[in-house]
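Residue numbers (the working numbering), protein chains in the order written: chain A, 1 to 348; chain B, 1 to 320.
Among the clues, some could well be false.
Derived coverage of chain A by chain B (criterion: at least 3 residues anywhere in the stretch with Cβ under 8 Å from a Cβ of chain B; other residues may be distant) [unchecked claim]:
1. 8–22
2. 25–33
3. 311–320
Here's a subset of chain B near chain A, in silico, CB distances under 10 Å, partners left out [to be verified]:
4. Trp114
5. Glu117
6. Thr275
7. Tyr278
Keep in mind the hints are simulated off the structure, nothing from the lab.
Note that the structure is a prediction, hence the values are computed from the model and not measured.
We treat Cβ as the ideally placed atom computed from N, Cα and C, and that holds for glycine.
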Amino acid sequence: MNRCDDFRRMANRSVVVTYRVFAITSLYSVLAGVLVYALLMGFYAVNRSWIAPVILSPSDRESLELTQKLVTSTSTLEDLRLDLERQQKNLAEMRTHRAQIQALQPALATAIARERAHDRANGPELQTVWQQKRAANLRTVKLDQEVSELESTIDEELAAGLITKSDAALGKAQLNQTHMTLVDSKVGEVLLRDSVMQKNSTGTQELEILDKQAELASQIAQLDISIGVAEKQVQTESVQIERLSQAIATAADNPYYLTMTGSSVPLALVPYDNQADLTAGAPVFDCYLNMMVCRRVGTVKQTFPGEQHATHPIFRTDLRGFLIQLELEDADSAKSKVLFLGHKPLWF
Amino acid sequence: MGKSKTLIGALHESKSDIVIVIDSDCIFAKNTIRELVSCFGDPKMGIVGGKVGVRNPNDNVLTQAQTFVYYMAFDLWKAPENWTRTVTCVGGYLLAIRRHLFEQLEPTVLNRNWFGEHIIEGEDRFITHHALLAGYGTYINTDAQCWTKVPTRFPQFFKQQIRWRKSGIRDLFMTLKTLPRHAGVVHGNGMYLLVVPPLMFLVFTVAVLTAPFFWPLFWLNPVNVCFCLAVGAILHFVIRRRNPEQTVSNPLAFLLFGFWWVISSLYLTVLSCLTLDYSDWGSRAKPAEAAVPVAESAGEADAGMGLNQAWEAPCSTQTS
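Assemble the whole structure, with the sequences as input and the hints as a guide.
Right, dumping it as structure tokens:
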């Protein structure tokens, strides 16, 4: 039994010793952990030179979105430029056409006025002439009747042998000439009457000319409208082209623009509170032990003005700042949780 | 000597059927003894305790916060334990126990050790637990009121809290080790209360130790502060109405509790878990007693944690 008790005592003792070793180690570990935690929290609460590195790659969602937008915008810009050129040519042509029509209008108006004046002047005179012609024709008709009576006399005389055939033919020819003259005179009368009618009333020809005049005016009005629309379109497209060009130029200020070269780009998020030491060419430091044993790893290349949101690498709270491009001699430093700007955070 | 031995000594000097234990710095109401004793009308009742209030609620912010916590403990946390007469810890500041039960537990109490290291604190929880294991009920009679002075300084306060936390953790391990003995003897609610709440301390501690890796500023969560403000307001109202002598002049003191959980998990529980081999009352430091001789610890009752229970079967002897 004593041996059992001794063994039990030994076992208890070894358990206690082991427990104490474990307990001391654990307690000091917890204490060290708490101290490190407090130190880290305190350090990052007061330090104003840390930055959070970020690596952008061409396959990032934002890079892909920017690339897509730039391609679409460039394509739209080209289309707009082509359309503008076409619109401008169209506009020039319409203006020329309008000028030509506009030049034609007064000439047409003048001609119409002249013709009207001419008609107004010649109409009554023609009317008088026609009446005279008509009276003459009436007299000629009477004469023609008498001549027609003579034609039967010629036949009788020829039959009677009082005249020769040639005389008869000559006589008939003269009689026919008289008939022809009467007919010509009647034709002249009709033509005169027609002319009188044309001069003294509004004929279809005049109507056609007036229609033409109206058509020209309408063409000018339509051209005016089309020119107005085309001018507005040219103006709008010019503004759009300018805006798109500006937008594309602004995209060059976007940090994701750098990834369009096809390679990853080391950047860093600088919180607004930590920009005191930020200048182009400022040194960048990376530390082996979070904030101790630091070395210079690169410089600041350029700053991007747009605001960015991120998560604080230590506190895991929301963070606002802007991106800067780094030029790193040690590429692996871009994978660190934090880097430091301007100087080492501590003395070493 | 340690409180355990003092109590046993006093037990031997007394003759009554019911023994009442109080702390020397407590004062109690006129009807306290009657209220305590009246609960023993139930033959299954083994231990009855009283409700402790704070005599110095407005000494400083620390005592004000403790006043709220004490009130919550007895009016809220102990209530579910009372339902099934399975209070897991009847505090030694005001405790009444059946004589024969105490005598039955005497050897166990005296031989408390942790792998041979004698334990002197946490005897109230130990006795309560063993009363439950013996098949008795335990109860807190909130009409049996006493008042005590709570620590006014942080070192004193932390020593007290470490003592209490350590006893809770010891009790948890003892429960897990003797779980089969509880089946059929202790009510299910009692078993739940013996295991889950103390286990949550450990779980919470693990959560607090790992939280910085996921949420570095977890301790600044304003939800806890807002919650404590709300609870403090309610408690302040209730205390003013029901126990005006404990009215706290600054209800905002309960805000301290909003940050207490971090300290409790990170400091108290860790320190308690890693100093189970060290038993010290703290406020009354005594040199630790030598390890209990194995021959004395052999017996029918469980002698606390350690290899005793496991080694009893093959090596124990029945000493007279």
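Status of the hints after comparison with the structure:
1. 8–22: It holds: at least three residues are needed, and the region 8–22 of chain A offers 10 whose Cβ sits within less than 8 Å of chain B.
2. 25–33: holds (count 4)
3. 311–320: holds (count 4)
4. Trp114: holds, 8 Å
5. Glu117: holds, 6 Å
6. Thr275: This interface hint holds because 7 Å falls under the 10 Å limit.
7. Tyr278: holds, 9 Å
Checked against the numbered hints given earlier, this structure breaks none of them.
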